[in-house]
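Peer 1: One letter stands for each residue in the lines below.
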Amino acid sequence: MLSHFSAVLLFSLFASVVFGITQRAEPKMMVRFGAYCFVLFVASVIVASWVMFAIKH
Amino acid sequence: MPTPAQQQAQQISQRIPGEKSSLPALALLLGWLIPGAGHLLLGKWVRALLLFISIFGMYLIGLALLGKIYSPNTGDILDILGFAGQLGLGLLFAFAHWFGWGATSAVNTLADYGTKFLVVGGLLNLIAAVDAHSLANGRKAS
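Chains as they are written, first to last, in the numbering used here: chain A, 622 to 678; chain B, -12 to 129.
In short, the hints are calculated from the structure, not lab data. No experiment lies behind these values; they were computed from the predicted model shown. All residues carry an ideal CB built from backbone N, CA and C; glycine is no exception.
Which stretches of chain A does chain B cover? Using the computed rule of at least three CB atoms under 8 Å from a CB of chain B, they are:
#1 622 to 629
#2 632 to 638
#3 643 to 654
Okay, derived cross-link-like pairs now, SDA-like style, lysine to any residue, Cα gap no bigger than 20 Å in a straight line:
#4 K103(B) x S670(A)
#5 K103(B) x I667(A)
#6 K103(B) x L634(A)
With these hints in hand, go ahead and build the complete structure from the sequences.
Peer 2: Here it is, written out as structure tokens:
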């Protein structure tokens, strides 16, 4: 069974691949944009997690 | 000497060379029914494979996490929105509906994640199908 974090990683990976392919025209730019989206997805989750932790404690 | 309106019409026709053929509509329809099929039709097989793996992967994970498969007739506006999102999965959603895959309600946190995987997978498939349409009619360069 997936952990919450591994689910986040898979979600980010798959969504970033689709965003990269559909939002850019050149293969090199697709890879760059996909990687950018992936980093933003994961970083956003980590930041949101710490914010929720800080609110709770 | 062409008028500005004629020049604009000529530019548009040059930018959208395949607009009058049925290829864009076919790429859109196939891309919606089967993830990546629109790109495969246009000969972009690497993109088609990556799109298929990504969207089918989200679909499988969503089902494995016992995500909810929405019905359109519950009367709840959120259920209708979820149904609209999952409808983007095309045949994959139809199979889940026909064969009773997934769950009728999300019973825990991971099942809720699974529901999100299914809805977002459907929305991503719609984006991919529209991208195939744009490639076919020339709006997207390559």
